[in-house]
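**Student:** Counting from 1 along the sequence shown, just add 1295 to a position and that's the residue number in our numbering.
Each hint should be verified, as a subset may be incorrect.
Straight line, CA to CA, 30 Å or less: simulated DSS-like cross-link-like pairs of lysine-lysine [claimed, not checked]: (1) LYS1313 x LYS1364; (2) LYS1358 x LYS1369; (3) LYS1369 x LYS1349; (4) LYS1406 x LYS1372; (5) LYS1395 x LYS1406; (6) LYS1326 x LYS1364; (7) LYS1326 x LYS1395.
Pair ranges (Cβ atoms, derived) [stated by the list, open to error]: (8) GLU1327 x LYS1466: 33 to 41 Å; (9) LYS1395 x PHE1351: 18 to 26 Å; (10) ASN1380 x ASN1353: 15 to 23 Å; (11) LEU1391 x LYS1358: 16 to 24 Å.
These are computed hints drawn from the structure, not numbers from a lab. Beta carbons: idealized from backbone N, C-alpha and C, even for Gly.
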Amino acid sequence: NGGVSSARNMGIDMALGKYICFVDADDCIEKEYVENLIEEIWSGVDIAICGHDKVFPNRVVNKIPKYSKRWNAKQLKYRLFMDTNFMSVCDKMYRLDILKQHQIRFKQNLKMSEDALFEMEYAIYCSTAGYVSQPLYHYMQNNESVTHTVNMKKLKAERIKFWNYYLELEKIINQKDVV
1296 NGGVSSARNM
1306 GIDMALGKYI
1316 CFVDADDCIE
1326 KEYVENLIEE
1336 IWSGVDIAIC
1346 GHDKVFPNRV
1356 VNKIPKYSKR
1366 WNAKQLKYRL
1376 FMDTNFMSVC
1386 DKMYRLDILK
1396 QHQIRFKQNL
1406 KMSEDALFEM
1416 EYAIYCSTAG
1426 YVSQPLYHYM
1436 QNNESVTHTV
1446 NMKKLKAERI
1456 KFWNYYLELE
1466 KIINQKDVV
């Protein structure tokens, strides 16, 4: 019972296939989610990304702009580092060989923004991405979730931990000259 990051890391460590996706327990996916993402991966990209929406009790919000189907390394890094539409791991399929070769894991002591750090680190080792614009992933909005119930003192502590990890990543980024 080590939390979401611990569970995801165990999934990475135990996975036997070539690809991996993450789905939060309270969210929903379309039946074509895996099929469409795997078709993108099979086309030769390092990561496949799909559109998503946010499902509120009274409405569904889909604000993802229409992007091109293929992204080069620079476009991918810009979108994952700067575009808040893509800061979750759940609308993506990852190559397991990249995760294992570079020992990319979720930071277990972070309670917030662990997805963003994971994606930034993964993007360092990617040269192409494939994008499926249709919303195949549905984020169910819950007012009781961690992202909606954090107090300001805890938020500040989480931000400090995040930036410390980010500074470590920045060293790798600068060494590889990826952005």
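**Student:** Run the distance test for LYS1395 versus LYS1406: straight-line Cα separation, threshold 30 Å.
**Tutor:** Given pair LYS1395, LYS1406 holds - Cα atoms ~23 Å apart, limit 30 Å.
**Student:** What's the verdict on LYS1369 and LYS1349, does the C-alpha distance respect the 30 Å limit or exceed it?
**Tutor:** OK: LYS1369 and LYS1349 at ~27 Å, within 30 Å.
**Student:** Is 33 to 41 Å right for how far apart the beta carbons of GLU1327 and LYS1466 are?
**Tutor:** Taking Cβ atoms as reference, GLU1327 and LYS1466 lie about 39 Å apart, which means the hint holds.
**Student:** For a C-alpha distance cap of 30 Å, please report whether LYS1358 and LYS1369 respect it.
**Tutor:** Given pair LYS1358, LYS1369 holds - Cα atoms ~22 Å apart, limit 30 Å.
**Student:** Tell me if the straight-line CA distance from LYS1313 to LYS1364 falls inside 30 Å.
**Tutor:** holds, 22 Å
**Student:** Between LYS1395 and PHE1351, does the beta-carbon spacing fit 18 to 26 Å?
**Tutor:** Since LYS1395 and PHE1351 have Cβ atoms about 37 Å apart, the given range 18 to 26 Å is violated.
**Student:** Just tell me: holds or violated, for the beta carbon distance of ASN1380 and ASN1353 against 15 to 23 Å?
**Tutor:** Since the Cβ atoms of ASN1380 and ASN1353 sit about 22 Å apart, the hinted range of 15 to 23 Å holds.
**Student:** Does the hinted range 16 to 24 Å hold for LEU1391 and LYS1358 at CB?
**Tutor:** At roughly 31 Å between Cβ atoms, LYS1358 and LEU1391 fall outside 16 to 24 Å, so the hint is violated.
**Student:** Verify the proposed pairing of LYS1406 with LYS1372, using a straight-line Cα cut of 30 Å.
**Tutor:** holds, 23 Å
**Student:** Would the pair LYS1326 and LYS1395 pass a check requiring their Cα atoms to be no farther apart than 30 Å?
**Tutor:** holds, 28 Å
**Student:** Straight-line Cα separation of LYS1326 and LYS1364 no greater than 30 Å?
**Tutor:** holds, 21 Å
The structure does not agree with the numbered hints 9 and 11 stated previously, though it agrees with the rest.
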